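Following the hints, position chain D against chain Y.
These are the residues of each chain, in order.
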Amino acid sequence: MRRAFIFLFTVAALIILIGYVSTAIPASDPFGASSESSTFSADGVSQSMIARMKLRHAMLTPERYDVGLFGNSRVLNVSAQDFEHQGCRVFNFAVGGESLRASAALIEKLIDIKKVPRVIVISADHFELQMYNNPFFVSALDRLRNFSSDLMAAFDAGAGLRQIATVAWRAVWTQTLAFQRMFEYAFLQSAISHMFGVTGPGDGATFYLADGSRRTDENIDDEPPLLAPTSAQIPSWQLRHDLERIAAARSHGAEAVVIYESPLHPDSAAYFNQNPSTHATQLRRTFVQTCDDLGITCVTGPPDQMPTRLWSDAAHPPASVLGPHIGDLIAPHQSVCRP
Amino acid sequence: MIFNDFGFLFVFLPVVFGLFYCPGLKGLRPYILIAASLIFYGFAGVEHAVVLVLDIIWVYVIVTRPSFQQSRFLLYAAVIPPAIALAYYKYAGFLVASFFDLDVPETRSQFSLFLDVLLPAGISFFTFQVISFAIDRHRGDITELPSFPRFATFVSFFPQLVAGPILRYRDVSETLLRLTTVTLTGNNAARGIGYICIGLAAKVLLADTLSHYLAPYRDSPELVTQISALYVVFAYSFQIYFDFYGYSMVAIGLGALFGFSFPHNFNRPYESKSPQDFWRRWHMTLSFWIRDYLYIPLGGNKAYVRNIIIVMAACGLWHGAGWTFIVWGLYHAALVVGYHQSRAVWDRMPSLLQVGLTFVLVSVGWILFLYDFDGVYTFVTHAVGMSQGTGAAPSAEMWITLLITGAICFGINFERFAENQIERGIGSILLNVGLAVLFVATLVFLDRSETFIYFRF
Numbered sequence: 001m002r003r004a005f006i007f008l009f010t011v012a013a014l015i016i017l018i019g020y021v022s023t024a025i026p027a028s029d030p031f032g033a034s035s036e037s038s039t040f041s042a043d044g045v046s047q048s049m050i051a052r053m054k055l056r057h058a059m060l061t062p063e064r065y066d067v068g069l070f071g072n073s074r075v076l077n078v079s080a081q082d083f084e085h086q087g088c089r090v091f092n093f094a095v096g097g098e099s100l101r102a103s104a105a106l107i108e109k110l111i112d113i114k115k116v117p118r119v120i121v122i123s124a125d126h127f128e129l130q131m132y133n134n135p136f137f138v139s140a141l142d143r144l145r146n147f148s149s150d151l152m153a154a155f156d157a158g159a160g161l162r163q164i165a166t167v168a169w170r171a172v173w174t175q176t177l178a179f180q181r182m183f184e185y186a187f188l189q190s191a192i193s194h195m196f197g198v199t200g201p202g203d204g205a206t207f208y209l210a211d212g213s214r215r216t217d218e219n220i221d222d223e224p225p226l227l228a229p230t231s232a233q234i235p236s237w238q239l240r241h242d243l244e245r246i247a248a249a250r251s252h253g254a255e256a257v258v259i260y261e262s263p264l265h266p267d268s269a270a271y272f273n274q275n276p277s278t279h280a281t282q283l284r285r286t287f288v289q290t291c292d293d294l295g296i297t298c299v300t301g302p303p304d305q306m307p308t309r310l311w312s313d314a315a316h317p318p319a320s321v322l323g324p325h326i327g328d329l330i331a332p333h334q335s336v337c338r339p
Numbered sequence: 001m002i003f004n005d006f007g008f009l010f011v012f013l014p015v016v017f018g019l020f021y022c023p024g025l026k027g028l029r030p031y032i033l034i035a036a037s038l039i040f041y042g043f044a045g046v047e048h049a050v051v052l053v054l055d056i057i058w059v060y061v062i063v064t065r066p067s068f069q070q071s072r073f074l075l076y077a078a079v080i081p082p083a084i085a086l087a088y089y090k091y092a093g094f095l096v097a098s099f100f101d102l103d104v105p106e107t108r109s110q111f112s113l114f115l116d117v118l119l120p121a122g123i124s125f126f127t128f129q130v131i132s133f134a135i136d137r138h139r140g141d142i143t144e145l146p147s148f149p150r151f152a153t154f155v156s157f158f159p160q161l162v163a164g165p166i167l168r169y170r171d172v173s174e175t176l177l178r179l180t181t182v183t184l185t186g187n188n189a190a191r192g193i194g195y196i197c198i199g200l201a202a203k204v205l206l207a208d209t210l211s212h213y214l215a216p217y218r219d220s221p222e223l224v225t226q227i228s229a230l231y232v233v234f235a236y237s238f239q240i241y242f243d244f245y246g247y248s249m250v251a252i253g254l255g256a257l258f259g260f261s262f263p264h265n266f267n268r269p270y271e272s273k274s275p276q277d278f279w280r281r282w283h284m285t286l287s288f289w290i291r292d293y294l295y296i297p298l299g300g301n302k303a304y305v306r307n308i309i310i311v312m313a314a315c316g317l318w319h320g321a322g323w324t325f326i327v328w329g330l331y332h333a334a335l336v337v338g339y340h341q342s343r344a345v346w347d348r349m350p351s352l353l354q355v356g357l358t359f360v361l362v363s364v365g366w367i368l369f370l371y372d373f374d375g376v377y378t379f380v381t382h383a384v385g386m387s388q389g390t391g392a393a394p395s396a397e398m399w400i401t402l403l404i405t406g407a408i409c410f411g412i413n414f415e416r417f418a419e420n421q422i423e424r425g426i427g428s429i430l431l432n433v434g435l436a437v438l439f440v441a442t443l444v445f446l447d448r449s450e451t452f453i454y455f456r457f
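Protein chains in written order, with our numbering: chain Y, 1 to 339; chain D, 1 to 457.
The set of hints was computed from the structure by calculation and includes no laboratory data. Check the hints yourself; a few may be wrong.
The calculated label-pair distances, taken between Cβ atoms and stated as ranges, are [unchecked claim]:
no., chain 1, residue 1, chain 2, residue 2, range
1, D, D447, Y, M59, 25 to 33 angstroms
2, D, S220, Y, Q86, 36 to 44 angstroms
3, Y, N219, D, S220, 23 to 31 angstroms
4, Y, A186, D, G300, 36 to 44 angstroms
Derived list of chain Y stretches under chain D, where covered just means 3 residues or more per stretch with a C-beta under 8 angstroms from a C-beta of chain D [stated by the list, open to error]:
no., region
5, 181 to 190
6, 234 to 245
As the structure is a prediction and not an experimental result, all values here were calculated from the model. C-beta: ideal position from N, C-alpha, C; glycine also.
In isolation and in its complexed conformation, chain D is listed as follows:
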């Protein structure tokens, strides 16, 4: 199931919301959320839900052993099986394809166990979540263990299950512990509405519109001309941003409706002044996860260049099982290290130039998300004029849409509206009427809306 679907918005969500706040069912709230999350997730395939359930049970059983905090062995026992599941479902096929010629039918059938595997949606997200829980408990950061239903709610809670934000237990522990007494406050309801409406609008009205225009270029890179290459770079950059940003906003809004306060995943990343700054503002929960559980254990700044290369390559690989993703990670490693080396010069440039340069460099990198290596080669050769694209140039309508999207991205602070904290007066009425109009406008375009890009990660 996905957020941008009539079934979710008009059936699933109202039913779960109604059951959650039903006065006679307060004691069952964790079970209601677990059941709802499994139904939500099970729509993608029951076998996927089995992986999730096994991860939850396994980690909980190990982590609650009395000697867990003293035993490194138990820590490994807790985190290695979920990591193996992630490796099997996400990376085994990629590794096999990297080292064997799968065009040979015998080889293909020999490795079919690794190749014909359906990737459970969001496995990268919930695996990171259970691993962080085990590590935090081992480090002593989690002093009070949750009950099993609350732990299962923490991992499986449907708003964040498939594409984050990647929660730490401390982010939600307080709400989880008082789940049966949570009440719907006016502020949380308003916040939930604000974030859901703006998130859906970002996805359906902005990201999906750009996706619609990009479709021919995405499917056939040979159509790309020099001028359309420029369009593709920036349109895809805004598409991926509003797609993922929209998802995160809806997740935060849904969390608020159930009394949770999820961490933000974005902080106006395209206004970053350097590649390093970008990673503090883009997909923040992943950046912080990698910093805390990979970068620092590797030695942190003591071996800066080496560690940046390792973590950025891992970050690329986290996004997808493919060499293009690894190259994308290394490209960002080069940007971050490059910035680090040239900091004295970079930081003296005018702010506008810093922002512009960072935005262009990041946007160019997204091409590795859009195409495979053949596609990237075709795109680049066409973009630099080494060969000619066969497609038409983007229409005026496409350029205007891109400009509007860019203006919205750089010019509007959505969070201010999404917080929806003006309690009285004309401002409150106007804002909520505006959100309602935005919501209904989104419904009109829902039938052409696509799956979120980050679902495949």
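Chain Y on its own, in the form it takes in the complex:
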């Protein structure tokens, strides 16, 4: 068995090494550029790396931000230049591919480093999308912590065995995928390059601005197909639990928390306004009720008369359309901005 143990020991050591290397991010802070229009290429940089880079940027920035945007790819392209910010210092903390659960996790991290933005604006996926995956950018230990916190919330809410099993399965699934992603060649190569301070110019297809927002070449489809109806994926108690995690920011320096339901393309929105699913309706009710209970602002449904042009698909509003909507949501809280 000696040979098998040598093999297994070496494999374990190499996997730990890869796990360590895969978390490597560029030594310099690309978001720390003096000019808001400065950019850096994100080719070969995973969304988990981006999340960690944004957190490190918040940590390195002496003053916490006035306004922080949170969410996923639906808000990631919104830059401070897309809305009236009246001199507020704005940073986009959104991470592509993640859900409201990641925003909650990111805010908890910002609480830990005492850099919670004064105004938190969160894009929550439209409830007809039923997207609610666990965050990938956090460590395995944090994932375990989140899992136990989910279990406690499930027991408190009297959730059934099936829902608890689903939570457990999703935790295992996320951990499995996170493990698998550690080995993705492109990201590993990029991480190794970062470790040695080598960062290629990339092909420029995707790049980030200094305010955390992303610019990418997207295919515009002004008439995307209607979104297909989904099955229920989000337990109400889990949504309530995450809203409570987010609302905790109020007692750690956040003066306002605004969560809006991300708009859909007007055609899809019109369809779901006419044919709302039971689960989305119920979740929306939980959303509004919980926000009222917690004293945070929650906005449901898309703003009226959204333009139909420049959508890349039915669930990703163009920054030029979303920006003014976010500007309207921030407007009542702009007094918190420091001159």
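Only chain D this time, still in chain Y's reference frame:
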């Protein structure tokens, strides 16, 4: 499910391995392996697993009849239904398409029962296995019948289920009979690790890299130029070799982890000195199956040319339901017969020339695996300069990869390392550390890895 998948390597295999060697479950080992194999196979489609299960039950019920060894009728009753299932799933669509114009919607709908059929993965492999079992029992080569769970384990055992090696019952009977007392020895563990690591590396690092480079030429033969034709012939030759060889190595390694000793499927086939020698070294378990159950019953060497043509055409057809596969089989028949006729001259050539010529002839034949007839025509006309390809020439990186792969193929005896039998000293440490590095390197490239080519056979 496939071997080159995270789910298989980090979930399925450890769970099955753990259950198999769990002290309290020794008596259930055949059932654990059967359940695991059905789950493994069922991932491709539950209906496929039904075909496998029916084959197993049918053959076992017939073969265990007391008068089976005396009754030719029972032998036919045992082997014909699995053969019909194979014919239906694999060849019915091909036959219909050969004789009817399927562009006519009415004709197509008339034969939809034969055309819209999903081929169960590895059906050619397990059908040959149950047929060989029935024939061996009828001939009296199998004296002690296994219990049903052990027979089901023999046919369905997941390492060899989808792409071989094609097992004979005698290859594994001893282990099957003492399955509940098998212990994991240090040698078997080391052997399992060696074969799995080297097999995965052959598939993922060599075959898949070549496949990546070949993709544009494979998808669009009109891109092939004279120089890239040369590249395609040899790169595909190495790709198919390392793809299938890699699978067989992993299968042998997995077998070793569960106490089985599977037969080898390859014996450095590209170092063969003649086309005849090639078929003694390439996919050996298929060659021997065809020899024992087709070639010899046909009369063997008594009608050499006729029988070679029949068995090689059948061998081609076994690989795939298509005329290109039959032509490929006939091409090899021509090579073997040609060698037989010119043996006096061929055998006097220098060894290097014999090996080189065999390798080139075999490699050219693989083109029939790569393209359909239109593609082959386009490829050949471009290769001989009758028309011009529109694609770019292979890059220096592609040529270097091909040369490295060739050097590895001809220069390294993988089995020596895969056996992993150096028990002590620095050599043992270096080898196992090297295997671990190879395994982890394979993991890094696993996300771009493709399905094994032989899965479709």
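Of the numbered hints stated earlier in the document, which are not met by this structure? 2, 4 and 6
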